[in-house]
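Participant: From first to last, the protein sequence lines stand for chains A and B. Residue 789 in my numbering is what sits at position 150 of the first sequence, and the numbering runs on without skipping anything. Residue 221 in my numbering is what sits at position 182 of the second sequence, and the numbering runs on without skipping anything.
All clues stand as given, with none of them false.
Here are a few chain B residues that sit away from chain A, every Cβ distance over 12 Å (derived from the structure):
| no. | residue |
| --- | --- |
| 1 | G165 |
| 2 | D226 |
| 3 | Q373 |
Below, simulated EDC-like cross-link-like pairs (lysine to aspartate or glutamate); rule was C-alpha separation at most 16 Å, straight line:
| no. | chain 1 | residue 1 | chain 2 | residue 2 |
| --- | --- | --- | --- | --- |
| 4 | B | K153 | B | D458 |
| 5 | B | K321 | B | E296 |
| 6 | B | K370 | B | E411 |
| 7 | A | K666 | B | D58 |
| 8 | A | K667 | B | D58 |
| 9 | B | K402 | B | E353 |
Just so you know, the hints here were simulated from the structure itself, not pulled from any lab data. We treat Cβ as the ideally placed atom computed from N, Cα and C, and that holds for glycine.
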Amino acid sequence: MLFNTPQFFWFFAIFFVLYNFVFSNHKKQVWLLLASSLIFYGAWNYAFIPLLVFSALSDYVIAGCVERNMHDPVKKKRWLMLSIFINLSVLGIFKYSNFVLQSTQDFVGLFGIDAHISTLSIILPVGISFYTFQSMSYTIDVYRGDMKAHRGFLTFLSALSFFPQLVAGPILRAKHILPQLDNLPIPTIANIRNGLMLIMLGLVKKTMADMMAGPASAAFDSNIPISSLDAWTGALAFTAQIYGDFSGYTDIAIGIALLIGFHIPKNFNLPYFSSSPVDFWRRWHISLSSWLRDYLYISVGGNRNGNRTRNVFITMLLGGLWHGAAWTFVVWGAWHGLIISITHWLTYSALGRWVDTHNNWLVRALKVLVTFYLVVIGWVFFRATGFDNAWTMLAQMHIPSGIEASAGSTIILGLVVAGLIFMHLIDWLNIRFGPALEQRSWLMWPILVIGFSLFLVVGDPGHDFIYFQF
Amino acid sequence: MTLSTSSSDMRINHSDPNDPRRVKERRKIALWTILFGGSALLAGLLVVIFAVSQLREAFPNPFSLQRIETSANALDSALRLPPDSDDTVVYVFGSSLIEFGFSPEIFDQRLSSKGIHTRSYNFGYGNADPIIHERFARRFEQIYKDTTGTVDLVIFEFSPFQATTTRAVQTGQLNHAAHAILGDWRDFIEVAKTDHEEAIALFNTRYIRNGVPAEAVTNLLATPLRNMQRIQSEANDNDAEPMGDMGWDLYHMLMSEWPQAHPPGGWYVENRGGLPPSASPKAMALAAEVMAKMQHPSRMEASRQQRLACCDMEDLNIDPAMLQHFIGAIKHAQKVAKRVDLLLMPRNQDIIHLSALGKANLKDALATIQHETGVNLVDLSIEPYFSVTDFFDADHLTLFKGRQKLSELLADVYAENGDVVK
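Same shape as in the complex, but just chain A (with noise of 0.2 Å):
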């Protein structure tokens, strides 16, 4: 069930009926809660309840376990690590079982090896990649004493299934939901009137993302030549596909969360405008960021015993692969590895220091530049069906090919360009304006009226959200 359909509308509209006038108790509110985030997830798939929720039941008897061994740091380390190694194997078996087996065969391949491995029939459960995070890291919360093991499994359900964010994040902290389970906080009237318009944003820029599909699409799976401005087109069409596509999920999220009294931190903060790839990190994903940084960067040595470029690569590395189960993920990560690397070396340098003292406007404009293209090439490798379409369309955007764009190109580049501006306009003119909009309520509504309109003329309901995948 997408967030853009009217099945959604429907099955929206009749649990906020139930959870605000038929089900008045507590109590009944988290039943309803858990039960409609079942179904929601189920429509996917109702196979993959059981997983679910053996991912919560597993996390939650273990880290009640971890708590009741604070005393003894071996046994609450046992009890953490088979936390992990449940997590991990989860997501290894149903996300990577096949990568692993196929990358084996290419291996043993280059050595003259024809090996026959067959792959598995496994589907990837959706939002996989989400919920085993937000369960793991439950766990190594209460390992390190930053919360208390939660009495109540059917809260810790609800939690981890809450639907606005189930399947594609943004990835909530089990300190951050569960408190506000307990209390099922009261929305305010500004909660709700942002919440909408959150809603409505998420909806456009799904929109705009859906259209710039076909030029990325145009670009990346063309089996003919193409310019050089078309492949910058198609690669650009995708980085603001992408942007759309992700944040406008996570607008949607959070808005309809609001809607209910719950709040669900913001996942981006106007990534393309960052100033380097370590400021992209901060800006774009991230709950992701933040959670390879609490869980995975520091539990590796982080900034200590002068190890941090290995750390950055190992947690990037891994990062990429989180994404999808494919080589091309990986170099991406290990791209936005080297770029953060690269980074935190040039802001030591004689170079770096001449920019902290040159820092004008001029300078500044130059960074969000060099960022930006550093970002578009990662996307390059993160869109490609595979290395030979990367390394083509790498080629292409920088290689002349001696093939001339029409007059036609140059106008499709400036209105992917002019998308791409615009997601980021709105979402500008929503943190600038937002809060003096609320003074001025009037003004709201007929916002509101352009933006469902804009969405329901042009919206294709029912195309995926690319991060569903992951």
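Please build the complex by placing chain B on the supplied structure of chain A, with the hints as guidance.
Facilitator: Chain B alone, transformed into the frame defined by chain A:
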């Protein structure tokens, strides 16, 4: 009703989720949400309905939907045309092969010269698979059920490649739009039994979006880009002489000569659904030039490859469900027409070479259709009268020469059989 903008009402115990005052506050806020958000959504919906209808009026055929929609509407208008009581009314149903390849005027004139008076109509439309044909034919049945016998003969063209398994899995936006345009809420409820998402999408397209699928709008950016890639590809192909804008020149010239064919891409009453049979010598010369360029071997081969990829055109592995839909279409037509014949259009035999499997599959499919419906077959598929110069691509007849030959030949076949009777 005054509402606080925060739920920090001091009387409410926020640490007790079951405090009755919280329940009341929650309901108040929820009601406000429904009124505020619901009214915005409803207003947005009204804006959409208005905007899409304006769009369709301003650009009648932006998404190639005009023909199928106007053809369906024309079923009704054709009924209201005053037919000569002595004329035999002939409806020709089929795909774009019929739309561009059959001229009612030429067919009628040819038969008239042999003493047989007919009034024929072209109801061919592109992007048609057997499911759409079935919908169309059912609409035909619904409209004509009270005047059964008005139509003396339906010639139902069967494009076997539209019924292949390969074609069956390709349900693009135009198929969706066609289903939405030809169906109504009862059809969508039927669809909902197996695919509720598609049913809701059909409902939206039909009743909210005026037949324009959203995907058609969101694809607006990609279409010109792909067209440009095609032109670039052609420019890089030294084998074929580039066509440039010749096709558009011809299109504009014909449109200026055929005021009755406006808006483009529709069903034209004056020509009973077909394109006008002729044009000025200048336009005819340009058409011949364009067609000659389109008949270049590399372009024909590209067209063949495209048909092989989309429709398994040479092996013709027929999808049993699709075949049943086509049979259903014939049965609908049989309920209101005096007679229904099955037509196989001429095949571009220099380009499309049916494999042994393809021939066998076609033979089986035709046998099944005839067995289940009892229709006569008019098979022009291997007619030696047609050569590659009569086609502008792998399967469509040329606008003038090919169309004239087919219309005349079909008339000759019926005249020879002597079974076009009132």
